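**Student:** Below, each chain spelled out in residue letters.
Number of protein chains: 2
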Amino acid sequence: MSTATSKRELDHPAREEIRLETVLHALSDPVRMRVVRELAAAEGELSCSDFDLPVTKSTTTHHFRVLRESGVIRQVYRGTAKMNGLRRTDLEELFPGLFDRILEAAGLQGARLGG
Amino acid sequence: MSTATSKRELDHPAREEIRLETVLHALSDPVRMRVVRELAAAEGELSCSDFDLPVTKSTTTHHFRVLRESGVIRQVYRGTAKMNGLRRTDLEELFPGLFDRILEAAGLQGARLGG
Chain Z
1 MSTATSKREL
11 DHPAREEIRL
21 ETVLHALSDP
31 VRMRVVRELA
41 AAEGELSCSD
51 FDLPVTKSTT
61 THHFRVLRES
71 GVIRQVYRGT
81 AKMNGLRRTD
91 LEELFPGLFD
101 RILEAAGLQG
111 ARLGG
Chain H
1 MSTATSKREL
11 DHPAREEIRL
21 ETVLHALSDP
31 VRMRVVRELA
41 AAEGELSCSD
51 FDLPVTKSTT
61 THHFRVLRES
71 GVIRQVYRGT
81 AKMNGLRRTD
91 LEELFPGLFD
101 RILEAAGLQG
111 ARLGG
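Protein chains in written order, with UniProt numbering: chain Z, 1 to 115; chain H, 1 to 115.
So that you can see chain Z by itself, here it is in the shape it has in the complex (with noise of 0.2 Å):
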């Protein structure tokens, strides 16, 4: 079950909730794929405006959405900030290795095309 108890609390999938499809596709967005290679490196959460992204705030609030209904983020409010963190020990449950797989890929690729 998802759970939300008050507006200021975002829907999130349980664990179990979580779908390999919906991974690989929150995934397949170059700009969603760099949200998460840069909470990776920061190794703990971030706010949204932490992120320099190249697209408009209404786009950026989409991937961020993306991202926590696919079960890749959790997004919390701390006070008026939202903040995202990975939900790396879910992923890790469910698909042991994968994340780490494609972080990696991604890292390749990046130092490939000069990203």
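Don't read these hints as lab results, they were simulated from the structure.
Misleading hints may appear alongside valid ones.
[Stated by the list, open to error] In silico negatives: residues of chain Z with every beta carbon more than 12 Å from chain H:
hint, residue
1, LEU10
2, ARG19
3, GLU38
4, ALA41
5, LEU46
6, HIS62
7, ARG65
8, ARG78
9, THR89
10, PHE95
11, ARG101
12, GLU104
13, ALA105
14, ALA106
[Claimed, not checked] The calculated label-pair distances, taken between Cβ atoms and stated as ranges, are:
hint, chain 1, residue 1, chain 2, residue 2, range
15, H, ARG78, Z, GLU9, 54 to 62 Å
16, H, THR80, Z, GLU16, 28 to 36 Å
17, H, TYR77, Z, GLU92, 23 to 31 Å
18, H, ARG65, Z, LEU113, 33 to 41 Å
19, Z, THR56, H, GLU43, 26 to 34 Å
20, Z, SER58, H, ARG78, 43 to 51 Å
21, H, LEU108, Z, THR61, 31 to 39 Å
22, H, GLY85, Z, GLY97, 19 to 27 Å
23, Z, GLY114, H, PRO96, 14 to 22 Å
[Claimed, not checked] Example chain Z residues on the side facing chain H (calculated, C-beta under 7 Å, incomplete):
hint, residue
24, THR59
25, VAL66
26, GLY97
Small disclaimer: the values here were computed from a predicted structure and weren't measured.
Virtual Cβ for every residue (Gly too), placed ideally from N, Cα, C.
Since the structure of chain Z is provided, determine the placement of chain H on it from the hints.
**Tutor:** For chain H alone, coordinates are given in the frame of chain Z:
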């Protein structure tokens, strides 16, 4: 460069043209994932008619084209049959370990959900 020397030879991205995001998108559809898993299990080529997919013939053709244009499969005509094979060597060279982890994740999810 893509290669297509005749109508009987289909367009494929060269190895260095394959992009992670496009591969993940190709694998983000349940029907395409099923095709890929069957090809992996077959450990060789299968013709399009070897697959019994729950979609129309034109949708099937679309899914195979997405897989081919992303660089996940190679399609070649042998006589009148269009044969399909995974581009495992190319994918492994570009993204070490990734494809095996995705197949493993799909297998785990299938076992978990009875799919």
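**Student:** So, against the hints stated earlier in the document, which numbers end up violated here?
**Tutor:** The structure conflicts with hints 2, 10, 11, 12, 13, 14, 16, 17, 18, 19, 24 and 25, although it agrees with all the remaining ones.
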